[in-house]
Amino acid sequence: QVQLVESGGGVVQPGNSLRLSCAASGFRFSDYAMHWVRQAPDKGLEWVADLRYDGSNKNYADSVKGRFTISRDNSRNTLYLEMNSLRAEDTAVYYCARDVGSSSGRVRFDPWGQGTLVTVSS
Amino acid sequence: DIQMTQSPSSLSASVGDKVTITCRASQSINSNVNWYQQKPGKAPKLLIYAASSLQSGVPSRFSGSGSGTDFTLTISSLQPEDFATYYCQQSYNTRPYTFGQGTKLEIK
Chain E
2 QVQLVESGGG
12 VVQPGNSLRL
22 SCAASGFRFS
32 DYAMHWVRQA
42 PDKGLEWVAD
52 LRYDGSNKNY
62 ADSVKGRFTI
72 SRDNSRNTLY
82 LEMNSLRAED
92 TAVYYCARDV
102 GSSSGRVRFD
112 PWGQGTLVTV
122 SS
Chain X
3 DIQMTQSPSS
13 LSASVGDKVT
23 ITCRASQSIN
33 SNVNWYQQKP
43 GKAPKLLIYA
53 ASSLQSGVPS
63 RFSGSGSGTD
73 FTLTISSLQP
83 EDFATYYCQQ
93 SYNTRPYTFG
103 QGTKLEIK
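Heads up: the sequence lines are chains E and X, in that order.
Residues in the first sequence are numbered from 2 upward in steps of one, following this note's numbering.
Residues in the second sequence are numbered from 3 upward in steps of one, following this note's numbering.
Only chain E is shown next, with the shape it has when bound in the complex:
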């Protein structure tokens, strides 16, 4: 079945870095745009970044631009989020999600991974 599994979360000090991974299975990963979305504790959803099926056209939320980098390795069916200069306000559960509609102009996220928690604290 279609599955996304995030990993790499943990506790990190402010200013440090972390790399998240999202392993995809059950579908042709290289055919789909992918997104990262985060959710701070007891808060709503915030779109973070996305990239096209071939790794091009990367886009970021203003809150992470210049600090986070999204990438993918289609040979490994894996999506990444490199997070640098982390701040307390980056504390959140980070979800990866497949975009099943971008090719038709109807962007929508399905499915989502289970999420990985990043805690930025000294």
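Simulated from the structure, these hints should not be mistaken for lab results.
Quick caveat: nothing in here was measured; it's all calculated off a predicted structure.
Hints are not guaranteed to be accurate.
[To be verified] For lysine-lysine, the following DSS-like pairs were computed, each having C-alpha atoms within a straight-line distance of at most 30 Å: (1) 110/X with 66/E; (2) 44/E with 106/X; (3) 59/E with 44/E; (4) 66/E with 44/E; (5) 110/X with 20/X; (6) 20/X with 59/E; (7) 106/X with 47/X; (8) 66/E with 47/X; (9) 106/X with 20/X; (10) 20/X with 44/E; (11) 20/X with 66/E; (12) 47/X with 20/X; (13) 44/X with 59/E; (14) 47/X with 59/E; (15) 44/E with 47/X; (16) 59/E with 110/X.
Take the given structure of chain E and dock chain X to it, following the hints.
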């Protein structure tokens, strides 16, 4: 950025009730709205896309409508498993793909 404002923020209802959640966009986004359901400790799940299209596998008691700036998610007859938080999302051709603040649907 396009802002998405949901109402109400929380809602109490009973099994069998009909429930409507609204979402207003800060500018016209045609029919580019998705709706997600999230249960505690779980990832969001896509319910409705393009304002009114039901995602495969989602029960038909869920429906969506609207275009331009005003959108609604309706649950025709609440079931116990429907108590969750619901989010709208704009998917117009401009990033960021912003979400509403969420509507928490609780059991009365």
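Q) When you check the alpha-carbon spacing of residue 106/X and residue 20/X, does it fall within 30 Å? A) Distance of about 15 Å is within 30 Å: holds.
Q.
For residue 106/X and residue 47/X, compute the direct alpha-carbon distance and say whether it is at most 30 Å.
A. The given pair, whose Cα atoms are some 15 Å apart, holds under the 30 Å limit.
Q) Is the straight-line distance between the alpha-carbon of residue 44/E and that of residue 106/X 30 Å or less? A) It holds: about 12 Å lies between the C-alpha atoms, which stays within 30 Å.
Q.
Checking one constraint from the list: CA of residue 59/E to CA of residue 44/E, max 30 Å. Satisfied?
A. holds, 25 Å
Q: Sort out whether residue 59/E lies within 30 Å of residue 47/X, counting only the CA atoms.
A: Holds. Residue 47/X to residue 59/E sits at ~24 Å (cutoff 30 Å).
Q.
Can you confirm whether the C-alpha distance between residue 110/X and residue 66/E stays at or below 30 Å?
A. Not OK: residue 110/X and residue 66/E at ~43 Å, beyond 30 Å, violated.
Q) Does the alpha-carbon distance linking residue 20/X and residue 66/E stay inside the 30 Å limit? A) Judged against 30 Å, a Cα distance of about 42 Å means the pair is violated.
(Q) So if I understand the rule, the pair passes when the alpha-carbon distance is 30 Å or less; does residue 20/X with residue 59/E pass? (A) violated, 41 Å
(Q) For residue 66/E and residue 47/X, compute the direct alpha-carbon distance and say whether it is at most 30 Å. (A) holds, 27 Å
(Q) Need the status of pair residue 47/X, residue 20/X: alpha-carbon distance at most 30 Å? (A) holds, 21 Å
Q. Holds or violated: residue 44/E with residue 47/X, Cα cutoff 30 Å?
A. holds, 17 Å
(Q) For a C-alpha distance cap of 30 Å, please report whether residue 110/X and residue 20/X respect it. (A) holds, 13 Å
When each numbered hint is compared with the structure, violations occur for hints 1, 6, 11 and 16.
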